[in-house]
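*Asks:* Here the structure of chain A is known, so what remains is to put chain B in place on it, guided by the hints.
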Amino acid sequence: MAGNKGRGRAAYTFNIEAVGFGRGEKLPDVVLKPPPLFPDTDYKPVPLKAGEGEEYMLALKQELRETMKRMPYYLETPEEKQDIERYSKRYMKVYKEEWIPDWRRLPREMMPRKKCKKAGPKSQKAKATGKGASLTNTADVLKKIEELEKRGDGEKSDEENEEKEGSKEKNKEGDDDEDDDAAEQEEYDEEEQEEENDYINSYFEDGDDFGADSDDNMDEATY
Amino acid sequence: MTQAEIKLCSLLLQEHFGEIVEKIGVHLIRTGSQPLRVIAHDTGTSLDQVKKALCVLIQHNLVIYQVHKRGVVEYEAQCSRVLRMLRYPRYIYTAKTLYSDTGELIVEELLLNGKMTMSAVVKKVADRLTETMEDGKTMDYSEVSNTFVRLADTHFVQRCPWVPVTENSDPGPPPPAPILIISEKDMYLVPKLSLIGKGKRRRSSDEDAAGEPKAKRPKHGTDNKEPIPDDGIYWQANLDRFHQHFRDQAIVSAVANRMDQIFRSLPVGYNISKQVLDQYLTLLADDPLEFVGKSGDSGGGMYVINLHKALGSLATATLESVVQERFGSRCARIFRLVLQKKHLEQKQVEDFAMIPAKEAKDMLYKMLSENFISLQEIPKTPDHAPSRTFYLYTVNILSAARMLLHRCYKSIANLIERRQFETKENKRLLEKSQRVEAIIASMQATGAEDAQLQEIEEMITAPERQQLETLKRNVNKLDASEIQVDETIFLLESYIESTMKRQ
Chain A
6 MAGNKGRGRA
16 AYTFNIEAVG
26 FGRGEKLPDV
36 VLKPPPLFPD
46 TDYKPVPLKA
56 GEGEEYMLAL
66 KQELRETMKR
76 MPYYLETPEE
86 KQDIERYSKR
96 YMKVYKEEWI
106 PDWRRLPREM
116 MPRKKCKKAG
126 PKSQKAKATG
136 KGASLTNTAD
146 VLKKIEELEK
156 RGDGEKSDEE
166 NEEKEGSKEK
176 NKEGDDDEDD
186 DAAEQEEYDE
196 EEQEEENDYI
206 NSYFEDGDDF
216 GADSDDNMDE
226 ATY
Chain B
24 MTQAEIKLCS
34 LLLQEHFGEI
44 VEKIGVHLIR
54 TGSQPLRVIA
64 HDTGTSLDQV
74 KKALCVLIQH
84 NLVIYQVHKR
94 GVVEYEAQCS
104 RVLRMLRYPR
114 YIYTAKTLYS
124 DTGELIVEEL
134 LLNGKMTMSA
144 VVKKVADRLT
154 ETMEDGKTMD
164 YSEVSNTFVR
174 LADTHFVQRC
184 PWVPVTENSD
194 PGPPPPAPIL
204 IISEKDMYLV
214 PKLSLIGKGK
224 RRRSSDEDAA
234 GEPKAKRPKH
244 GTDNKEPIPD
254 DGIYWQANLD
264 RFHQHFRDQA
274 IVSAVANRMD
284 QIFRSLPVGY
294 NISKQVLDQY
304 LTLLADDPLE
314 FVGKSGDSGG
324 GMYVINLHKA
334 LGSLATATLE
344 SVVQERFGSR
354 CARIFRLVLQ
364 KKHLEQKQVE
374 DFAMIPAKEA
384 KDMLYKMLSE
394 NFISLQEIPK
404 TPDHAPSRTF
414 YLYTVNILSA
424 ARMLLHRCYK
434 SIANLIERRQ
444 FETKENKRLL
454 EKSQRVEAII
464 ASMQATGAED
474 AQLQEIEEMI
484 TAPERQQLET
494 LKRNVNKLDA
504 SEIQVDETIF
514 LLESYIESTM
524 KRQ
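Same order as they appear, the protein sequences are chains A and B.
Residue numbering for the first sequence follows our numbering, starting at 6 and increasing by one per position.
Residue numbering for the second sequence follows our numbering, starting at 24 and increasing by one per position.
The following block holds chain B by itself, in its conformation from the complex:
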């Protein structure tokens, strides 16, 4: 794991789970697999806290355990899974577009809690949806169940590995840790439950919320005295399935853009007849993007979507775009040229790009120094003498993609740090504003006059309001940037993964 990735993991863990979990998580990412006591010793944390942290990390599928010989259990962190936390908003939003609010909340609960039983999810989601409905209306469990089943059928949620049910034939002492198993055929098997019920509204706790001291924790779980029918059967979000969807979306939208361009150059005809469709497909197949390939003529021609090439095109487009935005359009022209011609000499670049020599050299070296372009040496003589060697500029897409990916991780880490800095700088003001809002809310609930409300609102001065506005705007921008950089990360990672699989 690169330093940039570790740094990003550290920021993510700390934001979501606090410093203790961050310390343990980062330690495991750095050092690899370790047993409990070594972790405690190396991090200088108490055993109790390490256990709590590990429980949280395991619950969220960020750490796995393995039993080694002599009964020693070792814990290993999954760095790439930690990085997925950046993508949670996208997973949830996708679920919303596919399965509307119910689907959205199901996926959100699963992501927030790591793993849950189906009955727990259904109940929680029904409660949440009921809160948003009009008075008197409730969400039925069956509707939520149905959506859950659909999500399972389309593999967006899957079962977690489970403890196998063994008869008590094992006479020896129980193992130090349960061995969890997983079987393909059962992974999306929904247990036969008859969940009957409706969502409940939280009793309006406006009176309770404000000042009631809760010195003792109320016993939770007093609501459900019934046994859990699907106890032990846990579900998690299937991130790979979401990734498949994103990839398909990316390709479709890229093709759609292409189709738009082609369509505009063709005579307008709204009824797409079979012939025209055939034309379209042929165009796509001939298109240099190479998304669609024609394989054979059986059945009038079989068309195949070449996924790897598609991902490669997307990655290349990303690289081109970055070069254009960072170095200018002339640099981008050179970049595209080298990409197209694979290998070019200095002189050839100047000629083809029609850019004066000095500028061309300057641009090439700039791109070279940032590793978008690399040099390929081709010696003419066995002694590799520089005066008798060809130096060719080339773009190695895989290594350029890796370089860009690394920069993306750094970028997001910077974005997060800046956002935390901005928030910290204005902490006092934020707290004041929150207090004022709370006061206003409670006053409104008890029916205060407008004049009184206005008085409270004026506790925040105009320049302070301005400051808050600016802060909000900046934080929004930083957050939105994080989300967008993650899109690029997804594209690049998909391409790199696809390439590595073929090797």
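The following block holds chain A by itself, in its conformation from the complex:
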């Protein structure tokens, strides 16, 4: 509400004393800079609780912190290339246990795509356990389906898809015991795979798939 300002004289619309200082009183200086980063406090903080429980929890906390760093869940950032490749670095790698998630509980898209299919020793191992189906097959099948879908091929791929879906469903059931074995084979880190294989990597070039060659032939055949 625009009140009448007396001619030239300021008249407050409220009881000035209620604010805390009287008229014409000297007010503190205008602050021209931000407050200090670590202002002085008049009151020092209360000392921390100290007891058996607190000490134990402190030790626990520090131990947990160290343990966490060594667990497989701690994902290291890939280091940038160093100026000189130090020979010793290769042999001082911290040994970390591998962790394979339970793929049955995760969305299908979580599974890593592999560029080269592992033939030979690994799949033989799966067969050796005596069970018909194995999750490795499932993984490969899934991967193939996705790759095929990507290419957007014609009817042939659809047929193959259905076929593979069928076998995959069969595989999923009663698969429980396979998990461990298959999980072992499905190594998470591609680098490690390359090391453990006896196969020369140059056999498989990027973009190629072990079984894909046959697909290409079939595509050509449909023209």
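Calculated directly from the structure, the hints in this document are not laboratory data.
Since no wrong hints were added, every one of them can be taken at face value.
Cut-off 30 Å, straight-line C-alpha distance, at most; resulting in silico cross-link-like pairs (BS3-like, lysine-lysine):
(1) B:K223 <-> A:K74
(2) A:K101 <-> B:K119
(3) B:K365 <-> B:K381
(4) B:K389 <-> A:K54
(5) B:K389 <-> B:K365
(6) B:K455 <-> A:K74
(7) B:K433 <-> A:K38
(8) B:K433 <-> A:K74
(9) B:K495 <-> B:K119
(10) A:K101 <-> B:K447
(11) B:K433 <-> B:K450
(12) B:K160 <-> A:K101
(13) A:K54 <-> B:K433
(14) B:K370 <-> B:K381
(15) B:K495 <-> B:K30
(16) B:K455 <-> B:K495
(17) B:K364 <-> B:K381
(18) B:K433 <-> B:K524
(19) B:K119 <-> B:K223
(20) A:K49 <-> B:K500
(21) B:K30 <-> B:K500
(22) A:K74 <-> B:K119
(23) B:K364 <-> B:K403
(24) B:K119 <-> B:K147
(25) A:K101 <-> B:K450
(26) A:K66 <-> B:K30
(27) A:K66 <-> B:K147
(28) A:K148 <-> B:K92
(29) A:K54 <-> B:K119
(30) B:K433 <-> B:K447
(31) B:K223 <-> A:K101
(32) A:K148 <-> B:K138
(33) B:K524 <-> B:K332
(34) B:K447 <-> A:K74
(35) B:K433 <-> B:K389
(36) A:K49 <-> B:K389
(37) A:K66 <-> B:K500
(38) B:K215 <-> B:K147
*Replies:* Chain B only, in chain A's frame:
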């Protein structure tokens, strides 16, 4: 989520899981629910790394997924669950007090791994306990199993949602993601396992540990060729149950303090007869704390614990304590006064508190500026003219609690940052000290003389030792502070949650 909470989550994720997981986690907390490719694109991370990060986060119950239409799967982060990582030491310690070392290790393994099968937990814990036992002694699986069952019975551990077993009646393609279900009655159902075995000691790897190059990863899992009997049945720690326990503890200790005060003013009598107990309960019921209320006289009087009021009292006590420590006891007196009288005018504050006007005003404004106290305007006239309006000071406990909670998050973030800074500053010295310790340890193992050991120890100079001591002391203090601030966070959060539920 406030900036302070996001910042704290970022620090916690980075400390526990590394930078990649931190980047993905924080991104999800900020943006909400997103599908895989969008995450990769927005964060500029490779698809492979995003997948790994999400797997870790899902495993630890920090991220959940949901299938949307057209088969798109979206991932959502649980910010409040991330903040719970601060409380891990407290959960583990509580398990220790209730179920001793076995219980402690069970809960620790579950927290470290997110979820595990019972058989895996039992085996791991038995191994760990065996390591600590004397030579020749081992921990039997059955003992660990029993403790596990007790933890499940008292709901401290619970089953994770599981993939339902469906017959193959579904002819269509499998869903992009499994739909996990959970049923109340099965949540604490322990599978019938006959776990037979004993913990194993790690073969003394002193010779192996030092310099053996492990260029190839040994195949793990070669030990257990047996099929897992409870495969697919995963367990996790039930944090809510722990919170219940903490809340009960807080109330009990508050009452115990109160009882102490009352007890001291009563004649000392060691045999508590029924009459005296009755007196105690009446006292408690009449006590302004209002923890215990009397509801009806059936059976000689039924007493009820009023949880909400109890939490409110605890929250208020926290606020009072903070005001006292930050602004002084006179401010605290004013604060308590306003709290008690609900609404007070400036003049009334000065009169009741018996503090000179100028000081009272100064204190009130200080508290006002930090939002411990708020102003309530009551206009006398419809035009709300300031000269004709009452301005009353009041304490709004809920909003003050929220403000304090926010400050707590900021405090812990500061504590963590400072601790990381201190550690980084002394990184070189720490590494040197670790190397020296490793050398000493290996020399001791191969039987070195004291003189040689001393020589190695002297590699660290006296001032360096001093520096290390100071560092250790500081880091301990910072860590202990984190734990203590988390206690306050728990109280405030409990109160706020309880209040929100009633609205």
